[in-house]
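The residues making up each chain are set out below.
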Amino acid sequence: MAVVDTNTGLQPTWVERIPAPYYVLGLLLLIMPAIAGDFVLNDIFGRTFYTGIIALSLMFLAGYGGMVSLVQMSIAGVGGYMVAIFGVSAIETISLGWPWYVNIPMALAVAVIFGTLAGWLAVRTEGIYTIMITLAIAAAFFYFTRQNYVIFNGFSGFNGVLPPSLFGVQWQQAVPFYYLTLFWAVLCFLAVLYVSRAPFGLALQGIRDNPRRMAALGFNVTGHRVAAYSFAALLAGLGGILQTWNLSQISPGTAGIGPVIDVLVIAVIGGLRHPIGPFIGAFIFVLLETFAIDALIAVGLSGDRFQLLIGVGFLVIVFWSPDGILGLWDKFKDSRNRDPLLDRGGEAP
Amino acid sequence: MNALTPNPAPTTISERLGATGTANALELRGVSKFFGALAAMEDVSLTVRPGERRAVLGSNGAGKTTLFNCVTGDFPSTTGTIRFFGEDITAFPPQERIRRGLRRTYQISLLFTGLTVLDNIYLSCTGVSRSRFSFLRPRQDDALVASAENLVRVVHLEDVRDTKVEELSYGQQRQLEIAMALAGAPRFILFDEPAAGLSPAERSELIEILMGLPGHMGFIIIEHDMDVALRVAESVTMMHNGRIFKEGKPAEIEEDEEVQALYLGDGSHSHG
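For the record, the sequence lines run as chains A and B. Our numbering puts the first residue of the first sequence at 97, with every later residue one more than the last. Our numbering puts the first residue of the second sequence at 4, with every later residue one more than the last.
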């Protein structure tokens, strides 16, 4: 689909253009609370949605901008820490107790500033060096939060961080929290999809493919990349706030080196080419993390080896399909459309 | 970058009036480019009037593309000053030069192969507009879309408007390069071997496009094909070993004995 779509004439409306399976999926997600219990809603879907949002911020940078940033989980951590510090938590000596309408925008603003600064440093590098510098920032953030007691309350962090009770709803309860995370996940997904075809996203993809040519067209390559980090930081900060509310606590381990790498694993497993990839990756990751323990114990292995399963899964996917599950799906569709006699085709009709 | 030759303060009235439009389109003074100890271009001074069409000729390695790279800032010059319509652009990054109305095409097509023809041109139009940071998609009546559509027609690519660039023929990709250089009201364009690898039919189409450019739009064209270069240019600069070797009218250059010995005689005009 072209960005500049100026074809005139009778065309189906956007409602008609959405394939039927998407409506089924949408309906299924909407009625999920009627068929699933609190555990599934909260620990599977809620987690999938906010982890997906954080991984989506990496997908935006890596998929459209060619910048693999490992700092996204730290930005999410900043968002989470800031709602705990500006808002209400059990650590009353530090938390400022501001109302939600000041607290949440402020938390997002700090996350965006942090992400922009990290991006400003990182965009001067390419490829492996971007990974290294963002990993270094992430590691620094982890150790800083663990050692700083004045702002971040050191090793123990903050607990008792709950979402505000807006409209008389206890948002931390399973059903409201499910809808809250679903709403923001869908909104972030659509926002990334929309921006990818807007001038900003189009230029970002141009910069990914050929930065020198983009400069020769009048684009400020560095500025554009930094702006992409800011946008991604907004997504990551939002995901971090939702995560903090879900767990009702945040500590240095939330944005430790393990979770930092997990975000990359999730995005790669799902696929970096399309914004749905991170959510697919997050769903698989959460399922594995939740149920692999039972599966491992059932076959007589130690339950804490679930990381092994994720590692093997990651290896298999990267080996067979560098584009993640999305790539596998494309291969599957391709082979189904292939003409078995002429061994030709593959392009969807 | 140009610490060796500091920019002299404007002394004459015409120099002070530089930016008002009475100045030369392009003015190079003592521009050199060194890669380590290797001088790709040395002490080049060149003046092109607004609306002038100049051909730069020379054998491979004469420094023609280096000249373009220094003017557009793709590779900043080592010494010397470059003025564009009177303004000293020597220290400007590429995008600032482009926004002042300078454009170029590349010898090897640098296109966005995964995007359509129209999207490529649309990108070129947004690069020099304020909407390049826009998070909103263009509307149907967007002025930039309209100008992109118009450029598609200028370079005769209507039939492949919505085709991905990777599916285009080589000649069509060259035409697209030109359309991208024409985006956003350029004042001066640098064409780097636009005819290289084109069929005779595509060549005459290229000449038609170049001759059809508005009169105020000056350009420099690097071209191995003398037929193309001498038909579209009103003056010629010969380069050799990184230096300017001769300047004059096309007829003078063609008849110059030294030029013939160095360039026309060795058969190098036949390739490309």
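Please note that the accuracy of each hint is not assured.
Where chain A lies over chain B, by a calculated footprint (3+ residues, C-beta under 8 Å) [what the hints assert, rightly or not]:
{"no.": "1", "segment": "60-67"}
{"no.": "2", "segment": "91-101"}
{"no.": "3", "segment": "113-119"}
{"no.": "4", "segment": "139-145"}
Rather than coming from a laboratory, the hints here were simulated on the basis of the structure. Quick caveat, the model's predicted, so the values are computed rather than measured. Don't be surprised by glycine CBs; every beta carbon is placed ideally from N, CA and C.
Here is how each hint holds up against the structure:
no.	hint	result
1	60-67	violated (count 0)
2	91-101	holds (count 4)
3	113-119	holds (count 7)
4	139-145	holds (count 4)
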